[in-house]
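Protein sequence lines, in the order shown, are assigned to chains Z and R.
Heads up: the first sequence is residues 1 to 248, going by the working numbering.
Heads up: the second sequence is residues 1 to 248, going by the working numbering.
Bear in mind the hints are in silico, worked out from the structure with no lab data behind them.
Warning: the hint list may mix true and false statements.
Just so you know, same-sequence chains aren't split out, so a pair can sit in one copy or run between any two.
[What the hints assert, rightly or not] With a straight-line Cα cutoff of 25 Å, these simulated SDA-like cross-link-like pairs (lysine to any residue) come out:
1) 7 / 21
2) 168 / 157
3) 211 / 162
4) 7 / 25
5) 246 / 66
6) 7 / 122
7) 153 / 210
8) 164 / 235
9) 224 / 236
10) 172 / 36
11) 246 / 198
12) 6 / 239
13) 6 / 241
14) 153 / 59
15) 21 / 94
Fair warning: this is a prediction, and the values are worked out from it, not measured in the lab.
Number of protein chains: 2
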Amino acid sequence: MKIGIKKSGIIIIGNEILNGKTIEKNSNFLCRKLSDRGIEVNEIVIIPDQKENIIEKVNLFRKKFEYVFTTGGIGPTHDDITSESIAEAFNVRLELNLHAKKILKEHYSDEAFTKARLKMAYLPENASLIDNPVSIAPGFFLENVYVFPGVPKILEIMFVEFIKTLEKGKKKFQIMLSTILSEGIIGEFVGQIQKQNLDVEIGSYPYFKKKSFGVTLVIRGYDKNSIDNVAKKIFDYIKLKKGNPKLF
Amino acid sequence: MKIGIKKSGIIIIGNEILNGKTIEKNSNFLCRKLSDRGIEVNEIVIIPDQKENIIEKVNLFRKKFEYVFTTGGIGPTHDDITSESIAEAFNVRLELNLHAKKILKEHYSDEAFTKARLKMAYLPENASLIDNPVSIAPGFFLENVYVFPGVPKILEIMFVEFIKTLEKGKKKFQIMLSTILSEGIIGEFVGQIQKQNLDVEIGSYPYFKKKSFGVTLVIRGYDKNSIDNVAKKIFDYIKLKKGNPKLF
């Protein structure tokens with residue numbers, strides 16, 4: 001059943017998220033794009049700009065998942081330590097990447113090509129570049145670890161182009177269904193249906209609007225017939241209970 | 001140096017975040033509140049509603065950090081498996097908590113007290129309740145693991161009351177400083193200052209506004225004199241470089 005399903009993990013790097021200063025925006029974007037491509041996200045971890053921690057997580061994730069995506073820490077400043085951490089994780093040298101140096105030097109030809117800017121061209125040995133059409137400083141990948149910047153506007157444009165190069169995974173089908181009944185009322189029935197249909201995954205999410213509340217059920221699976229069948233059973237039950245079911 | 005500093009980890013539980021359907025909002029709220037209380041967040045992990053995964057992370061985190069906070073998975077439906085997973089992690093029974101049952105039964109006295117609703121009163125043996133003024137269903141804690149619901153509106157009100165019961169940690173001081181110069185220009189100098197002042201943590205964050213860009217530096221530490229001193233050195237350097245430094 002799990003054949004063709006690609007698993008991935010995301011590592012978000014940055015003190016500014018852990019101390020609450022910055023709201024983390026990249027992981028939701030990545031989850032949506034990966035899901036559209038048929039790649040499951042199985043774990044997200046947010047860690048500080050600290051070398052040992054990055055090395056540990058990269059080594060753990062690259063064994064565990066088919067794809068690992070990191071964001072953050074590849075800029076020109078002292079707290080940008082992702083590239084050197086990844087080189088250490090893979091036990092390779094951090095070296096001046098001549099292609100990266102060339103494109104950065106051209107980009108900064110009107111300005112000072114400072115030591116700090118040159119720092120962005122130091123990448124792990126044998127890294128392949130990922131194009132950055134916004135601020136030029138490239139991302140890179142090494143085996144199954146894909147390294148992106150943390151600034152959402154830059155990451156997003158880079159990722160939309162990059163993801164076209166990844167093989168598509170098996171697509172999940174999905175049906176959403178809402179009701180004005182609460183989880184406490186429909187929960188037992190939905191739980192039984194879930195037990196009888198283990199190839200389908202039913203998520204139950206209460207919602208609160210200004211003047212109403214209810215539940216949205218998300219029914220997902222790789223087999224279209226199974227999810228149609230489950231959705232019909234739940235729809236009929238809610239209708240019987242006068243729960244105003246809506247499919248969308 | 002690390003005496004009095006309290007470390008914590010956050011475990012966010014929910015498929016809906018990993019498949020991109022829901023934007024995760026609880027961790028930033030928790031990070032801000034914990035930081036205000038002098039408690040550092042050292043790691044956030046987002047995992048699916050899957051028992052083995054929850055058990056593994058809870059057992060890892062409760063050994064590693066002084067406080068562990070979880071959100072999600074304590075509602076009335078089949079996909080709410082946090083309580084039973086935590087019971088298993090601690091190797092204790094999941095039992096009907098009579099106090100939780102009583103307050104839930106009273107709350108639902110006008111409505112059906114269904115089996116699904118009763119499910120929310122099954123908690124790990126010896127768990128202590130955490131009050132929920134919004135939807136009554138309590139959170140709980142067991143040793144250093146604190147368990148909250150996933151709905152942000154409910155979690156937020158619960159947490160604001162709850163955190164008053166946690167001992168305050170050592171407060172970090174912070175100075176923020178912005179400049180119109182880019183990271184590539186100031187990066188080398190700031191990096192040198194960082195190397196010379198290891199008790200201070202300097203974060204460098206580029207910003208992009210509609211018509212301008214620049215960098216905000218965040219200087220943090222437990223010693224007020226050290227951060228004042230570092231801020232002054234960087235301020236003077238930026239002023240010299242005509243970088244329009246601003247403290248805020």
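Here is how each hint holds up against the structure:
Taking the shortest Cα distances, residue 7 and residue 21 sit within 25 Å of each other only across copies (17 Å), while inside one copy they are farther apart (30 Å). Proximity of residue 168 and residue 157 under a CA criterion of 25 Å is satisfied intra-copy only: 19 Å inside one chain copy versus 42 Å between copies. In this assembly of identical chains, the alpha carbons of residue 211 and residue 162 never lie at most 25 Å apart, being 43 Å within a copy and 28 Å across copies at closest. For the identical chains of this complex, residue 7 and residue 25 are neighbours both inside a copy (21 Å) and across copies (24 Å), given an alpha-carbon limit of 25 Å.
For a Cα distance limit of 25 Å, the shortest separation of residue 246 from residue 66 qualifies neither inside one copy, at 37 Å, nor across copies, at 45 Å. For the homomeric pair residue 7 and residue 122, neither the shortest alpha-carbon distance inside one copy (29 Å) nor that between copies (33 Å) is at most 25 Å. Only between protomers do residue 153 and residue 210 lie at most 25 Å apart by alpha-carbon distance; the minimum there is 13 Å, versus 32 Å within a single protomer. For the identical chains of this complex, residue 164 and residue 235 are neighbours neither inside a copy (37 Å) nor across copies (44 Å), given an alpha-carbon limit of 25 Å.
Only within a single protomer do residue 224 and residue 236 lie at most 25 Å apart by alpha-carbon distance; the minimum there is 18 Å, versus 65 Å between protomers. In this assembly of identical chains, residue 172 and residue 36 lie within 25 Å of each other by CA distance solely inside one copy; the values are 9 Å within and 42 Å between copies. Proximity of residue 246 to residue 198 under the C-alpha cut-off of 25 Å is restricted to the intra-copy arrangement: shortest distance 23 Å within a copy versus 58 Å between copies. For the identical chains of this complex, residue 6 and residue 239 are neighbours neither inside a copy (37 Å) nor across copies (52 Å), given an alpha-carbon limit of 25 Å.
Proximity of residue 6 and residue 241 under a CA criterion of 25 Å is satisfied in neither setting, with 39 Å inside one chain copy and 50 Å between copies. For the homomeric pair residue 153 and residue 59, neither the shortest alpha-carbon distance inside one copy (28 Å) nor that between copies (37 Å) is at most 25 Å. For the identical chains of this complex, residue 21 and residue 94 are neighbours neither inside a copy (31 Å) nor across copies (38 Å), given an alpha-carbon limit of 25 Å.
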